[in-house]
Amino acid sequence: MADVQTLADTNSLAIGILMGFGGMGPAIGIGLIGSKAMEAIGRNPEATSKIQTNMILGLAFAEAVAIYALVVALILKFV
Amino acid sequence: MISTRMSSLHISISAEPVFNILGVPVTNSIVTSWAITTLIIIFVIAQSRNFKLKGKLGKTQLFLEIIIESLYNLIVSITGIAKAKVFFPLVTTFFFFIVPSNWSGLLPGAGTIGFEGVLKGKEVFIPILRAPTADLNTTLALALIAMVAVQAYGFRYLGLDYLKKFFDFSNPIKAFVGILELISDISKVISFAFRLFGNIFAGEVLLAVIAFLTASFLPVAPLPFYGLELFVGLIQGLVFMMLATVFINMATLGHGDDHAETHASHK
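If you read the sequences in order, they're chains A and B. Under this note's numbering, think of the first position of the first sequence as 1, with each following residue one higher. Under this note's numbering, think of the first position of the second sequence as 80, with each following residue one higher.
For the record, the hints were derived by calculation from the structure and aren't laboratory data. Nothing false has been slipped in among the hints.
Calculated cross-link-like contacts (lysine-lysine; reagent style DSSO-like; alpha-carbon spacing at most 30 angstroms):
1) B:Lys164 / B:Lys133
2) A:Lys36 / A:Lys50
3) B:Lys243 / B:Lys162
4) A:Lys50 / B:Lys164
5) B:Lys138 / A:Lys50
6) B:Lys162 / B:Lys253
7) B:Lys162 / A:Lys50
8) B:Lys243 / B:Lys267
9) B:Lys199 / A:Lys77
10) B:Lys267 / A:Lys77
11) B:Lys162 / B:Lys133
12) B:Lys244 / A:Lys50
13) B:Lys164 / B:Lys131
14) B:Lys162 / B:Lys244
15) B:Lys201 / A:Lys77
16) B:Lys267 / A:Lys36
17) B:Lys267 / B:Lys253
18) B:Lys164 / B:Lys267
19) B:Lys243 / B:Lys164
20) B:Lys267 / A:Lys50
21) B:Lys164 / B:Lys138
22) B:Lys131 / B:Lys162
Ranges of calculated distance between the beta carbons of each label pair, as one might list FRET restraints:
23) B:Leu307 / A:Gly25: 19 to 25 angstroms
24) B:Ser127 / A:Leu18: 44 to 50 angstroms
25) B:Gly196 / A:Gly25: 39 to 45 angstroms
Only a predicted model underlies this, so the values are computations on that prediction, with no experimental measurement involved. No residue lacks a Cβ here, since even glycine has one placed at the ideal position from N, Cα and C.
Looking at chain A on its own, in the form it has when it is part of the complex (with noise of 0.2 angstroms):
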């Protein structure tokens, strides 16, 4: 029974880890690409769509590693 409740214990800190961990790059590569492309729009207000456009297929790429974290944190809760 102590040892069931201690993997419990493990598991619930393992999730914790990930996602802290697995959130960090992203938040940083996401603060980047959003300071850089307000950088761009501030100086060339015209071409704003376009950089929107590319703005958002870059975060979806840098989103991306933190939604496999957030996908293996859902299997270790869930399954």
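Go by the hints and put chain B onto chain A.
This is chain B only, laid out in the frame that chain A set:
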């Protein structure tokens, strides 16, 4: 038989079978995707009869034209006009299937109306409706369609030269790059599938948890998250469509074309 259950938090990562057809289990996400497909087809057939080119246009026609035209302009800005006409039907179909699928999980009753059933020897609650994109099988199927289309368009535009992208043994570096391209195309399938599934399923878990935690003292708490999920559903449909367009476009550009285009843009 039909029951609703709000007393305990119910989250299942896999779709539950609702009934069987000839021994093949039909899951709740398939039921929802059939319903969405039928509704879209009926809507299009019923509305396209009223479409006209001259005179006063109906509101529905104007609304649809705004959506179609802005999507078309987006694709043209990525691929150019000639290719956009070829890719437009496929990639826009992704958009028009994925966005209603994402939003279907937000309908009242989706995930909450269902019945008690036995699954893998355990008594569980089985909802009748579940967002199709909150099931990894649907998103994997969409990802496979997208990546097969990428290869098909690559062959269509470059012929057998397209294989040089993967198998080029003229020098060791190109051979190694070919292996990398092969791995990257396989990983794109996984990336497509997990991105859509993760976003939509996580949104539903978020809504369920917020509603569960705050139901007794602050029933309006999930509202802002609901708005966020509407936005995420739209953006994910758009992202899937744009990534599919970009990948298809990249596959149709040969090595020669690529350099020619960069030179042209520098002039």
